[in-house]
Amino acid sequence: MSLQRELTALLGKEITLEWRNRYAVNGILIYVISTVFISYLCFKKAIDVPVWNALFWIIMLFAAVNAVAKSFIAESKGRLLYYYSLCDPRAVILAKSVYNVILLSALGLINFIFFFLFLGSPVVDYGVFLSAIVLGCTGFALIMTMVSAIAARAHDNATLMAILTFPVIIPLILTVIKLSSYALEGGPIADSITQYIVLLSAINLLVLALAYILFPYLWHD
Amino acid sequence: MKVIMIITALMLPLLSIASTNQGDFFSDMQATGKYYVVVAVLLIILVGIFSYLIRLDMKLTKLEKSHKQED
Amino acid sequence: MKKYWWKIACMALLFYVLLAGTFIPLGPGISLVHPEKVAAGDTLTFYIKGYNSHFDHGTCPPSVWFANAGKSICAQSVQIRNRTELEATIAIPADVKSRNFNLFVNSCYDGTMVLNNAIMLAGDMNNNATPTTGCEVTVATNSAGFHNFPNREILYESIRNLFYHVPMWWTMMLLFTISLIYSVGYLAGFNLGRDRIAGEAARVGIVFGVLGLLTGMVWAKFTWGAWWVSDVRLNGSAATLLAYTAYIVLRNSMNEEQKRARIAAVYNIFAYMLMLVLIIIIPRLTDSLHPGSGGNPGFSSYDLDHNLRLVFYPAAIGWMLLGVWILQIRNRKAKLFPK
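So the protein lines, in turn, are chains A, B and C. In this note's numbering, each residue carries its 1-based index in the first sequence increased by 19. In this note's numbering, each residue carries its 1-based index in the second sequence increased by 1423. In this note's numbering, each residue carries its 1-based index in the third sequence increased by 30.
FYI, nobody ran anything at the bench for these hints, they're computed from the structure. Incorrect hints may appear among the rest.
[Claimed, not checked] Dumping the calculated EDC-like pairs for lysine to aspartate or glutamate here, alpha-carbon to alpha-carbon at most 20 Å:
hint : chain 1 : residue 1 : chain 2 : residue 2
1    : C       : Lys369    : B       : Glu1493
2    : C       : Lys37     : B       : Asp1480
3    : C       : Lys369    : B       : Asp1480
4    : C       : Lys369    : B       : Glu1487
5    : C       : Lys365    : B       : Glu1493
6    : C       : Lys363    : B       : Glu1487
[Said to hold, decoys possible] Reference listing, derived: stretches of chain C covered by chain B, where coverage requires no fewer than 3 residues with Cβ under 8 Å from a Cβ of chain B:
hint : segment
7    : 64-77
8    : 149-157
9    : 185-196
10   : 354-365
[As the list claims (entries may be wrong)] Partner residues are not named here, just some residues of chain A that face chain C (Cβ under 8 Å, in silico):
hint : residue
11   : Phe56
12   : Ile169
13   : Leu179
14   : Ile182
15   : Val187
16   : Ile189
17   : Leu193
18   : Ile212
19   : Ile216
20   : Ser220
21   : Ile222
22   : Leu229
23   : Leu237
For each residue, glycine too, the CB sits at the ideal point set by N, CA and C.
Chain A extracted, bound-state conformation:
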């Protein structure tokens, strides 16, 4: 089987599995909604723009950790062994990454909708904000998929996942907060938007390349 066909087959499997029980997606959805609602109850719309921005990405970060953590940990050992005998490890990591990119981008949009409903929206430039969501969530998904693979191989729980994720996510979250601040009202003067979009894309490409090269080493025993 070629890499591409393995990839589509594995991706299809991920989506079907998710669709069948809808347990994970629903759980994460409720997580996001309730966090935004609690923020609303705490802030009562008296929230200024930088805080809105920071809160949006922090909620996004924690929701993403919860959403992605299960991607390798939830798979049973027998099933992982089964994939191992069947396909190229690079197809496995690519399929998981693509699935998580789709999942988190959707989650980002849903998060924004609920922010819009409860806390209002200071967004002026929707194009820039949307590209920040897509690029940021892609980055979250790529980094966390790789880290969750590492944490799963270390036989450990969600704590290890969080400890390993937060240091490596810092460059990404700093850049994405900066980019999305350009899209908000009263944000800095838009002189270097392209620079940040290029940087985010470069980080995403770097992580993808690292995952592609390094994952096979995690895989075999």
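Since the structure of chain A is provided, determine the placement of chains B and C on it from the hints.
Same frame as chain A, now just chains B and C:
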């Protein structure tokens, strides 16, 4: 006993620093061009590296002892 | 003896740094001027205190002036008290355009010394005053050819921390880079000895990183006024330390040697690459309090004085050799007594 005496003698100049009150200390620091910041930084580094080395030394001693018992 | 040459070099370099860094004096500068508050139209006698200055030396008497909004206000008379003390009588014109005055003292021996925002205007600015013209200023360059460290405002003597604080970060980065190289090396041949070095290098690197952080905090408190300031460099180094602490936690969470080595190596490479982005690329896009930052954090743009360089580079090499030395001892210990 001798060792303690030598250490006390070495400590004596430090007493003069301790006896100057806080306000004097910081205004003096301004007058001496913040030289005490350099002293503080050097002290941190030396104390840090030495305590690390002492810990390493103690660990090694323990390992060597348990190694001898195994033989 | 041949095996020890770099350890001897390490000690020699650090002794040199300690001696040169302690005994080379700071260049001349102004530390104090009194009174600090003036009103427009006053004629006052200012007491000026120099730091390491030589007011009574040189072929010409020192000249004193204030710069206010691009205009020079010269002293009517200057009296030399001694090597470090001056008295200058200066008339503040009625038509000052800015609240802040920079003080300049120029002498043939010391060159030009500046104290920025030396005095402040206390009363209101009079916009209707008859305009006056500034005086002509002649600048003499220093003739003595000093071998001093530069005397910078705010930093003063603490500029010497450059030889102790900055090399901590260099040593940390060197040790983390060694760790990365041995991790890559491990994945290339699955040799457990390389994994051992990678782990030990990360551990020693963390020690130097913590020392860099603590010394930086003390230095920041007495120059920028706070233990911790939000700065890209600071946050970058703190994140790097966190990442390697996470690396050690990951290592400790596994017992099986080969598996631990492989998984830790993967995380090491992954984290190091992202930290490179954080330390090298992001500071170029943001402003930093650290000198030379904001567009270009490179060392060439740090107007690192020639005399500072003569001590700084030996310091960096000396501390890095010390780091490698400690790494070597730890590695030998780990080799003899595997856990």
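| field | Hints violated by the structure (numbers, ascending) | value | Violated hints: 7, 8, 11, 18, 19 and 20; rest satisfied.
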